Structures are given as structure tokens and as C-alpha cells.
Amino acid sequence: MKRLLAVGVVVVAALIGQRAWAALTAREAVEISAPLFPDTVRLQYQYGPNYPTDQAAREKIVDEEFYVFEQLLVSCQPNYPAITLQQPGTALTPAQLATNFQEVAKCSYKQYGAKPYNIPQLVDDVDFCGRKLGADWRLSTEADLASLDPADFQFLADTLTAAGGESLNGSAFNWSSFYFSLRIYLRAADGTLKMGDLSPAATARVSPLPRTDGGAPQDLLTGNGETVVVRCIRRTPLPTP
Amino acid sequence: MHKYLALLGLLLLAACGSRNAQETLAGADAGAPGALTSGLRYDGAVVIVREVK
Numbered sequence: 001m002k003r004l005l006a007v008g009v010v011v012v013a014a015l016i017g018q019r020a021w022a023a024l025t026a027r028e029a030v031e032i033s034a035p036l037f038p039d040t041v042r043l044q045y046q047y048g049p050n051y052p053t054d055q056a057a058r059e060k061i062v063d064e065e066f067y068v069f070e071q072l073l074v075s076c077q078p079n080y081p082a083i084t085l086q087q088p089g090t091a092l093t094p095a096q097l098a099t100n101f102q103e104v105a106k107c108s109y110k111q112y113g114a115k116p117y118n119i120p121q122l123v124d125d126v127d128f129c130g131r132k133l134g135a136d137w138r139l140s141t142e143a144d145l146a147s148l149d150p151a152d153f154q155f156l157a158d159t160l161t162a163a164g165g166e167s168l169n170g171s172a173f174n175w176s177s178f179y180f181s182l183r184i185y186l187r188a189a190d191g192t193l194k195m196g197d198l199s200p201a202a203t204a205r206v207s208p209l210p211r212t213d214g215g216a217p218q219d220l221l222t223g224n225g226e227t228v229v230v231r232c233i234r235r236t237p238l239p240t241p
Numbered sequence: 001m002h003k004y005l006a007l008l009g010l011l012l013l014a015a016c017g018s019r020n021a022q023e024t025l026a027g028a029d030a031g032a033p034g035a036l037t038s039g040l041r042y043d044g045a046v047v048i049v050r051e052v053k
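Just so you know, the protein sequences line up as chains A and B, in that order. If you number the first sequence the way this note's numbering does, the last residue is 241 and the count never jumps. If you number the second sequence the way this note's numbering does, the last residue is 53 and the count never jumps.
Treat the hints as calculated values from the structure; they're not laboratory data. The structure presented is a predicted model; accordingly, all values stated were derived computationally and were not measured. For glycine and all other residues, C-beta sits at the position ideal for the given N, C-alpha and C. Hints may contain errors.
Claimed, not checked - Not everything, but these chain B residues come out facing chain A in the computed CB check (under 7 angstroms): (1) Gly31; (2) Ala32; (3) Leu36; (4) Leu40; (5) Tyr42; (6) Val46; (7) Ile48; (8) Val49; (9) Arg50.
Stated by the list, open to error - Computed footprint of chain B on chain A, listed as stretches where at least three residues anywhere in the stretch have a Cβ under 8 angstroms from a Cβ of chain B: (10) 98 to 107; (11) 152 to 164; (12) 186 to 199.
Unchecked claim - Below, a sample of chain A positions facing chain B; criterion: calculated Cβ distance under 7 angstroms: (13) Ala26; (14) Arg27; (15) Gln71; (16) Leu92; (17) Ala95; (18) Asp127; (19) Asp136; (20) Trp137.
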């Protein structure tokens, strides 16, 4: 009986220890998507007085006039042969991934006329991230940015810089501004839509959308010099190592 | 005898659970779609694996 009790104590202690260790070493994966790309040639007919009054029409705009990165990999590849499309069961090298990123950035500008334009009311009304990337993706919140460390922001910037965005703070290449932008649409703590800044050196993580023209939310936001993009976020708890 | 068998079973279950979790992570190539290892991914996302504080 004593031996059984001793074994039980050891097992319980081990389980408790494992849980305590897991709590101390909890990890997560934070995924920050590439910007969702607006087809501004089509979007220019949807804003202001043309902004739809019914939700189905708004969702149709998001479904049909915004492209995810992987769509552009495929549609750009014929004219940008440096793009390597991933085949099932194979993984690309970091150099190939970086080249893909640069080529999509170029293609989005040269082939699709990338402009950092969007309709804030549309971002507010439609679940961009859920519709384009899946139900567990969402807009970043003020709490998300507050929970990330300086090292996380630095890693994000370094990764994009290594992918060819050598000019995160201004560029001689117009094509670099959209895909490398760290200014994002964000859901603020008060529920409103604001601009988040993922830059390592940001002085303010959250600020009003850069609109100084007095425009309404259903008007086109051109950014007033800021490239504000829809990057989505997904946070996943990971098993302890 | 039964006690020891039960204990052994418990330990095996715990070990299998841990091993499965590690293989799931180790089996994901860094740049592959859906991979949860830090870095740039095929879909253009940047993944940051971090400790939760």
C-alpha cells in the first residue's frame, strides 16, 4: 500500500511539474500575413456615393477585388519567371522565398498598378481576413500590438528587409512601398478602425487613419503619403519544447 | 503487477503525446504553406515563434 502511495505521489508530482514547466515555457506562433492587395482599377468605382448599401455587395467587392499573395504568385509568374511556384511535397529555399516576395511586389506595381488605396468603411464592414485567409485570421487589435515585444517588431522588419525591402523607410523603387509597408489597418480598443504601426522605431503604435481631407469613411483612403495596408494576424499556441 | 502496468501505460501515453507534438513542428518546412516556424513563408506571411510572457 505504501509503495502504491509513493508511486501515486511521484506521478502526480511529475504531472504538476510538467504543467508548471509548460506554463513557464509557453510559446505561440504569430503569423502576420502579406498585405491583401486591392485592385484599385476596379475599386475606384466602389467608393463615396457608389459605396454599396447592402452587405452582400460589400462582401462581393472583397471577394473579387482583393487578391491574396498566393494568387499573385500564380498570376504574375508568366511575366515574372523568377517566381518559383511551390510543388506539393517540396519546400522553397529562403532565397527563392525572398525572390518571390520581390517579384510579386514588382508585379503588383507594374502589372496591377498597386496603390495603397482602400475604403475604410469596407474594412470596417467586412471581415476581410476571415473571407480571404480563413476563419482564424483577423485584423490586428490594439491589444495584439501591446502584447508584442520590441524583438518581435524587429524580427518582422528584419525579415521583410532580408526579403528585399531594403527601403522600408522610403525607396527609390515605387514598387517596394506596398508589400513592405508596416502601417496597417487595426481594430482599436474602442472598436474603431485606426492605423497601427509595426515599425521597430514607432513612436506611437496606434494613431488615427491618415486622413486630413475630411473625407467620409466610405470614401477612398489614399493615405496622405502613408501606405496603410490590410495585414491579417493569426495567433496559435504551440506545444512546449 | 496491475499497478505497475497502469503506471507504465500512463507514462507511455504521456511520452506518445509529447512525441507527436514535436514531430508536428519538426515536420513543417520553414517556408512551406502552413509552417509555424519563424521566418518568411511561401504565402508571404511572416511567422514569429515567441515565448508567451
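Inset, instruction - Any hints from earlier that this structure breaks? Give me their numbers in increasing order, please. - result: 12, 15, 17, 18, 19 and 20
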